[in-house]
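In case you want the letters, here they are:
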Amino acid sequence: MSGENLQFGDWDNRVVKPEKPVIVEFWHESCPTCKKIESTVQELPQKLGDRATLLRFNVMESREARRFAIDKGVIGTPTFKVYCKGIEKGEIVGLETITNLLGTIENIIKDCA
Amino acid sequence: MYDVIILGAGPSGLTAAMYAARSKLRTLVVIGPMVGGQIALTYQIDNYPGFPDGLTGPELSDRFKMHAERFGAEFLDAEATQVDFTSIPYKVWVGEKLLEAKSIIVATGMTHRKLGITGEDRLFGRGVFVCATCDAVLYEDKKVVVVGGGDSAVQEAIDLAKFASEVTLIHRRDELRSCRCLTDKAMSEPKIKFLYSTVVDEIIGEKRVQQVRLRNLKTEATSVIDTDGVLLAIGWNPNTSIFKGYLDMDESGNLETFGVKTRKPGVYVAGDLMDMDYRQVVTSCGSGCAAALEAMHWLETQLVR
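Chains as they are written, first to last, in our numbering: chain A, 1 to 113; chain B, 1001 to 1305.
By construction, these hints were calculated from the structure, which means they are not laboratory data.
Incorrect hints may have been included.
What the hints assert, rightly or not - Among chain B residues calculated to face chain A with C-beta under 8 Å, some are: (1) Gly1036; (2) Pro1058; (3) Gly1125; (4) Gly1127; (5) Phe1129; (6) Cys1134; (7) Asp1135; (8) Val1137; (9) Leu1138; (10) Glu1140; (11) Arg1208; (12) Gly1229.
Claimed, not checked - The calculated lysine-lysine pairs, modelled on DSS-like cross-linking and capped at a C-alpha distance of 25 Å, are: (13) B:Lys1091 x B:Lys1264; (14) A:Lys110 x A:Lys47; (15) B:Lys1244 x B:Lys1114; (16) B:Lys1142 x B:Lys1193; (17) B:Lys1193 x B:Lys1218; (18) B:Lys1264 x B:Lys1097; (19) A:Lys72 x B:Lys1162; (20) A:Lys17 x A:Lys72; (21) B:Lys1244 x B:Lys1264; (22) A:Lys72 x A:Lys20; (23) B:Lys1261 x B:Lys1024; (24) B:Lys1143 x B:Lys1191; (25) B:Lys1193 x B:Lys1162; (26) B:Lys1207 x A:Lys89; (27) B:Lys1097 x A:Lys35; (28) B:Lys1207 x A:Lys85; (29) A:Lys35 x B:Lys1114; (30) A:Lys35 x A:Lys72; (31) B:Lys1102 x B:Lys1264; (32) B:Lys1024 x B:Lys1264; (33) B:Lys1207 x A:Lys110; (34) A:Lys36 x A:Lys47; (35) A:Lys36 x B:Lys1114; (36) B:Lys1097 x A:Lys36; (37) B:Lys1091 x B:Lys1024; (38) A:Lys35 x A:Lys47; (39) B:Lys1142 x B:Lys1162; (40) B:Lys1162 x A:Lys35.
All values derive from a computational prediction rather than experimental measurement.
Yeah, the Cβ is synthetic: ideal placement off N, Cα and C, and Gly gets one too.
Given the sequences, and given the hints that come with them, work out the whole structure.
Right under this line is the structure:
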């Protein structure tokens, strides 16, 4: 089961408020690299277990969503941003293997406490 | 054992698959990096016949694939890692997995060429990009530099201008190489600026692209301009390294072809790899069709013997 979809209106509730680190994948449907990494993304929640939550943000859902992503500093898809209580701690851009993606995320969330 | 293995799933590979499968050949497509190939990275395609309103590259790719699947072509979502075309059956490896076929259609196409300058690799995905389809929307109200002067570069500049506040096309020659239709369209777009006889020497930025260092080839004068993104559209390198030793090629990896034929019986080439002149979606489909027809005829002669 891959990450749940995130609407920009839910940002505070689902990204800023939780104690647990949150990884947001910024993606869209006509991005071939996003399609390519989909199977990796599907594995991610299980691999992360209780340590972090994965949410997926479709940057093409509306103009507001697009503006929101741009304001968050997203300039390429897919971008995985790691947030601790809403504060961005790091990002991974583009195609990655599950091992690299997970390794980088784990390194970043270590500093979350 | 397959009748034909098609390497690559761009317009030529997918058309070959549709023709081969429709003729009841047992057909496998080894997809490679992505379905659609280069067109999967193209935002808008306005010159494919039968689609007067145009459509996106990924949508056309999906349609090609569905068409081949309708006639029973099989697909493997992986990249060929090694081949052996010494004798029939021809062998293709995908990692550890060995696949065999009586004939092969090479449709592996080309990959974006890079500039080979400082900052390019480090800032890739952080403002340096090759795929307008993927990322154009994220440059809304931002400045973007497009490097190149052919059809792709000019089309990408036009696509980007829908979102960006300013697009600067940087071309090393003193005029564009793109078709008149695209050049006129770009020239009439007020957001697009043109810098001719100019090259990019360096991409500058700490975590994101912030500037590019430019050099005018006529005056040797250098300058630095601010930009949020650099889209590379400077051409392509052939994806042929795994065929070394089995198919004749020049130093750059361009295959020696005779139409869609090679010196190897039963091995055919389709798409950009056999077409130095046109490289359009529709011509790629054409050569894919031709390669499949040649493979069919060849397989028939093998049967007679």
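Structure-based check of each hint:
For B:Gly1036, the interface hint holds, the least distance from its beta-carbon to any beta-carbon of chain A being 7 Å, beneath 8 Å. Taken as an interface hint, B:Pro1058 checks out: its beta carbon lies about 5 Å from the nearest beta carbon of chain A, inside 8 Å. Annotation: B:Gly1125 was flagged as interfacial toward chain A, and the flag holds, the nearest CB pair being 4 Å apart, inside 8 Å. Taking 8 Å as the C-beta cut-off, the interface hint given for B:Gly1127 holds, the closest approach to chain A being about 6 Å.
The criterion of a C-beta within 8 Å of any C-beta in chain A is met by B:Phe1129, whose closest approach is roughly 6 Å, and the hint holds. Taking 8 Å as the C-beta cut-off, the interface hint given for B:Cys1134 holds, the closest approach to chain A being about 4 Å. The closest approach between the C-beta of B:Asp1135 and any C-beta of chain A is roughly 5 Å, which is under the 8 Å cut-off, so the hint is satisfied. For B:Val1137, the interface hint holds, since its Cβ comes within 8 Å of a Cβ in chain A; the closest pair sits about 6 Å apart.
A cut of 8 Å between beta carbons decides the hint on B:Leu1138: the least distance to chain A is about 5 Å, and the hint holds. Residue-level restraint check for B:Glu1140 holds (minimum Cβ-Cβ distance to chain A is 6 Å; threshold 8 Å). With 8 Å as the threshold, the beta carbon of B:Arg1208 comes within range of chain A, its nearest partner Cβ sitting at about 7 Å, so the hint holds. The restraint placing B:Gly1229 at the interface with chain A holds, with a minimum CB-CB distance near 7 Å, inside the 8 Å limit.
The hinted pair formed by B:Lys1091 and B:Lys1264 meets the criterion: a straight-line CA distance of about 14 Å does not exceed 25 Å. With a CA separation close to 16 Å, the supplied pair A:Lys110 and A:Lys47 stays within the 25 Å bound. Distance restraint check for B:Lys1244 and B:Lys1114: the Cα-Cα separation of roughly 22 Å lies within the 25 Å cut-off, and the hinted pair is therefore satisfied. Taking the CA atoms of B:Lys1142 and B:Lys1193, the gap is about 14 Å. The hint holds against a cut of 25 Å.
Restraint check for B:Lys1193 and B:Lys1218: satisfied, since their Cα atoms lie roughly 19 Å apart, inside the 25 Å limit. Between the alpha carbons of B:Lys1264 and B:Lys1097 the distance comes to roughly 23 Å, so the proposed pair stays at or under 25 Å and holds. Annotation: proposed proximity of A:Lys72 to B:Lys1162 holds, straight-line Cα distance about 21 Å (limit 25 Å). A hinted pair counts as satisfied when its Cα atoms are at most 25 Å apart, and A:Lys17 with A:Lys72 qualifies at roughly 17 Å.
Restraint check for B:Lys1244 and B:Lys1264: satisfied, since their Cα atoms lie roughly 13 Å apart, inside the 25 Å limit. A distance of roughly 20 Å separates the Cα atoms of A:Lys72 and A:Lys20; the hinted pair therefore holds under the 25 Å criterion. For a cut-off of 25 Å, the pair hint linking B:Lys1261 to B:Lys1024 stands: about 21 Å separates their Cα positions. Taking the CA atoms of B:Lys1143 and B:Lys1191, the gap is about 10 Å. The hint holds against a cut of 25 Å.
Taking the CA atoms of B:Lys1193 and B:Lys1162, the gap is about 14 Å. The hint holds against a cut of 25 Å. Among the hinted pairs, B:Lys1207 with A:Lys89 is consistent with the structure: their alpha-carbon atoms are about 13 Å apart, no more than 25 Å. Our distance criterion of 25 Å between C-alpha atoms is met by B:Lys1097 and A:Lys35, whose separation comes to about 24 Å. The suggested pairing of B:Lys1207 with A:Lys85 holds, with an alpha-carbon distance near 22 Å, which does not exceed 25 Å.
Using a Cα cut-off of 25 Å, the hinted pair A:Lys35 and B:Lys1114 holds, with the two alpha carbons roughly 23 Å apart. A distance of roughly 22 Å separates the Cα atoms of A:Lys35 and A:Lys72; the hinted pair therefore holds under the 25 Å criterion. With a C-alpha separation of about 12 Å, the suggested pair B:Lys1102 and B:Lys1264 falls inside the 25 Å cut-off, and the hint holds. As the CA atoms of B:Lys1024 and B:Lys1264 are separated by approximately 23 Å, the hinted pair is consistent with the 25 Å bound.
Annotation: proposed proximity of B:Lys1207 to A:Lys110 holds, straight-line Cα distance about 21 Å (limit 25 Å). Between A:Lys36 and A:Lys47 the CA atoms are separated by roughly 19 Å; this keeps the pair inside 25 Å, and the hint holds. Distance restraint check for A:Lys36 and B:Lys1114: the Cα-Cα separation of roughly 22 Å lies within the 25 Å cut-off, and the hinted pair is therefore satisfied. Distance check on the hinted pair: B:Lys1097 and A:Lys36 sit about 21 Å apart at the alpha-carbon level, within 25 Å; holds.
Among the hinted pairs, B:Lys1091 with B:Lys1024 is consistent with the structure: their alpha-carbon atoms are about 21 Å apart, no more than 25 Å. Of the pairs offered as hints, the one joining A:Lys35 and A:Lys47 holds, with about 20 Å between alpha carbons and a cut-off of 25 Å not exceeded. Restraint check for B:Lys1142 and B:Lys1162: satisfied, since their Cα atoms lie roughly 11 Å apart, inside the 25 Å limit. Using a Cα cut-off of 25 Å, the hinted pair B:Lys1162 and A:Lys35 holds, with the two alpha carbons roughly 24 Å apart.
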